[in-house]
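For chain A, the structure is supplied; the task is to place chains B and C on it using the hints.
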Amino acid sequence: MSHHIVEVKQLRHVYPDGTEALRDVSFRIHHGESVAIIGANGAGKSTLLLHLNGYLPATSGTIRIGDHPLSKETLNEIRRTVGMVFQDPDDQLFMPTVFDDVAFGPLNQGLTPALIEQRVTDALERVEARELRNKPPYHLSGGEKKRVAIATVLSMLPEILVLDEPTAGLDPRARRQLMALLQDFHHTRIITSHDLDMVLELCERTIVLHQGMVMADGPTLEIFGNETLLAACHLEKPFSMQGCPVCSPKAIRRLPKPQPPLVPPHGDRQHDHAHHLHDHDHHDH
Amino acid sequence: MLAIDGTLFDFKRLDLLAMRESAVHRLDPRAKVLTTLVFIVCVVSFGRYELAAMLPFCLFPIALLALGDLPAGYIARKVLVVIPFAVMVGLFNPLFDRQVILQLGPLGIWGGWLSCLSIVVRALLTAAAAIVLVAVTGFPAICVALEQLGMPRVFAVQLLFLYRYIFVLTDEGGRVARARQLRSCGNKGMGLRHFGPLLGHLLLRTWERAERIHMAMLARGFTGEMHARRRGRFGAGDVLFVLGWSALFVTFRLYNFPQLLGMLLLGS
Amino acid sequence: MHMADALLSPAVGGAMLAATAGTIAWCSSRVPRDLDEYKVPLMGVLGAFVFAAQMINFAIPGTGSSGHIGGGLLLAILLGPHAAFLTIASVLFIQALFFADGGLLALGCNIFNLGFFQTFIAYPLIYRRLAGRQPRQSRLVLAAIVAGVVGLQLAAFAVVLETTASGISALPFKAFVLLMQPIHLAIGVIEGLATAAIIAFVHRARPELVESTLAGRPLGSLPIRGMLAAFALAAVLLGGVVSWFASTQPDGLEWAIAKVTGDTELPAPAHPLHHTLAAIQEKLAIFPGDTGQSGSPAPDNPAGRIDNGLPGLIGGLVTLATAVLTGLLLRSCARRA
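For the protein sequence lines, the chains are A, B and C, in the order given. For the first sequence, the residue numbers in my numbering are 7 to 291. For the second sequence, the residue numbers in my numbering are 553 to 820. For the third sequence, the residue numbers in my numbering are 2 to 338.
If we strip away everything but chain A, and leave its shape as in the complex, we get (with noise of 0.2 Å):
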């Protein structure tokens, strides 16, 4: 299938100031992948997104979207194709309403009244957000911005999902939630994020960055798998494949020696695991 693919050749970006933010990236998705991208801070991910809609003009290399290469011409048909959901709901949501901020892309659009609420409403009932339509974003809790600024993009009809960090400063319960939201699209998704259980659960297949490298593309659980590749990104296991921090022999080791007031001989290991991830949620925000 030609259709829905994103192609990306020997990108190459240089900002302004001599920063060389992306040396050489080239990949392909195909249609209905759900892709991670991960890497440590400056690694270039965020740089990479801001290309995938045209925002930022590669220095060298081609981007192509479905038919379409990236260019000038293509890229309003690009950017609707491609829905771009930003790390910071607040800088998504600039409208005095939840119901403006979905209808934002429709109305840019020129779609009819009666066209634009059919998909203000889709898209609030796709992410469970029907009952906010008349709120102002600033009353809105942090998991509720999050599914509303990913609603401002599904009303769009894209065919390609873009989400910068989408789990990033949720407490477990919004971000649970969310998870089971996009899980359930049938959307290509391109998803950059540090939170790498998330990225476990997600995407089967994910891409490596490091300084502006593609330093492994692989299925999620292989690449996880190779302790050196992640090591040398400046990355670490999933907790979920760590292993309990407590009973697993190797975290045993690496951990000092527990405190015997503490830590109880022969302790609740499911207690244990479910705490590690708690404080991983934490980490993020």
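Among the hints, erroneous ones may be present.
Residues on chain B that point at chain A, a partial pick, calculated with CB under 10 Å [said to hold, decoys possible]:
no. : residue
1   : P704
2   : D723
3   : R761
4   : R764
5   : G773
6   : M778
With a cut-off of at most 30 Å between alpha-carbon atoms, the simulated DSS-like pairs for lysine-lysine come out as follows [claimed, not checked]:
no. : chain 1 : residue 1 : chain 2 : residue 2
7   : A       : K141      : C       : K175
8   : C       : K175      : B       : K564
9   : A       : K78       : A       : K243
10  : C       : K40       : A       : K78
11  : B       : K564      : A       : K141
12  : A       : K78       : A       : K15
Read the hints as simulated data drawn from the structure, not as lab findings. Even glycine gets a Cβ: it sits at the ideal position worked out from N, Cα and C.
Structure of chains B and C alone, referenced to chain A:
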């Protein structure tokens, strides 16, 4: 609490009040804006020494407050903050205008005191009208109404953006100010040497935010023009509201009802 | 610094509102042509920044008191005059609505005083001239202080003119000027210093933000001459209003002048609208005679007449009580409905 946090609280509170459901909330925003303007013009057109004649005008904010089921104490506190300012500007009047023009029993009242009090009452009335208008209409709706009444689109969009990001930036500014305060070891004031970098940082972050917002707009097909969603029809009820109140205001302006009432009560 | 509704006559307030609305319309038509579209969100967010910045105080050196920036000059330096005027206008609009800073009728005056002079006079004619294209730190500070002082002196003088022309305050013109100008000299220096402190920081961190507007033409494609013409027009407009109203009701301005020259005759307040309304009132009077002899000191009472204030006081209190009762009644009705 820092002043900046209190401001944010005020905005949120007024905004939530505007989201309530009531007959006055449901009126077309244009009707409320127009009526408020008529109100203000009538109030400020009173002569310098008039005091009693202005009092019936308080019916308008009080009626909207009641019909909109707004918390009277909160609105009153917000209105009362104008008093110190009004007194400050009016306080010169008794200094320069010492002619007795009113006799209250044995008490002769200088024109200056009367006009000073008149300034305070005007300030209270106009402030009450503005704040009640916001509380029963909501700022975004007022902007849309003004645009429909002829305000340039660019300015309407500017007001809406400003309002949206006041919530984000007062929050951010509050965090910065708090962080400084907590590390200032009791030093109350901040010198210019720290003020510049502190606000400069905030400004740079603000600028970067604007760039990200613009990205988000472009990503959703923004081409330089903000499209408006048509909403609301100016119905018979709205016309009635504007005309009814305006007629009342003009009547209040023409006849000094408190005076008539007082003479009636005193049998003079 | 804010002008208040309570001090304004409808004529002055209306004229300034019209002048401000005209400037807003003009700037609104210029901004999309002059600026990149990305300044749409930038103007909004910078407005919010100024709003937040006005609430962060700094210690004023050597006085023990604290101050904050006004922001008009800062916005002009970052955005250029047109966009800056719209932005500061939007900030003042919100403050008038939410915090009753000044009020809605006074909004025209306030936007004009705090916006126009900073963005269209102080910035293009003072700051840019003094700062030059590639300003050094010291030049930048100097330019900002001089521009801040000039902008606020003009604004303060405008407040005096508007207040005097309105004739609500009894403060004589000369005394008012002597009060306002020195205070605003200090405020202007502080505005300049604080603006310079912020700009200097931004200039070090991201010089292109400050230099891009500096490199641009001062007022878009509009030459200084055209801008001065616009200013002259506004002045004529204001002057026209003042003289119109001085001729219909000479007391307002002449009273101020008389005060300055030492004449102490008590003036009648000046309200053309009041006279129109009074004329209508005569015609419509339901109780002929009553309104004319109303004890509440009607403004056209000849000076020297002493009225009985008792009916007004009693009637006023009863009116207030009635209004509050009506409110309580309406509320209970509304809640039941």
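These are the hints, each one checked on the structure:
Taking 10 Å as the C-beta cut-off, the interface hint given for B:P704 is violated, the closest approach to chain A being about 18 Å. The restraint placing B:D723 at the interface with chain A holds, with a minimum CB-CB distance near 9 Å, inside the 10 Å limit. A cut of 10 Å between beta carbons decides the hint on B:R761: the least distance to chain A is about 6 Å, and the hint holds. The beta carbon of B:R764 is positioned within 10 Å of a beta carbon in chain A (closest approach about 4 Å), and the interface hint is therefore held.
Hint status for B:G773: holds, given a least beta-carbon distance of 4 Å to chain A, under 10 Å. At its closest, the beta carbon of B:M778 sits 9 Å from a beta carbon of chain A; the interface hint therefore holds under the 10 Å criterion. A threshold of 30 Å between alpha carbons decides the hint, and for A:K141 with C:K175 the separation of about 53 Å lies outside it, so the pair is violated. Proximity of C:K175 to B:K564 is assessed by CA-CA distance (about 44 Å); at most 30 Å being required, the pair is judged violated.
The straight-line distance between the Cα atoms of A:K78 and A:K243 is roughly 40 Å, outside the 30 Å bound, and the hint therefore fails. Taking the CA atoms of C:K40 and A:K78, the gap is about 21 Å. The hint holds against a cut of 30 Å. Between B:K564 and A:K141, the direct Cα distance comes to roughly 12 Å. Compliance with the 30 Å bound is thereby established for this hinted pair. Only pairs whose Cα atoms come within 30 Å are accepted, and A:K78 paired with A:K15 is accepted, the gap being roughly 18 Å.
Comparing the model with each earlier hint shows violations of hints 1, 7, 8, 9; every other hint is respected.
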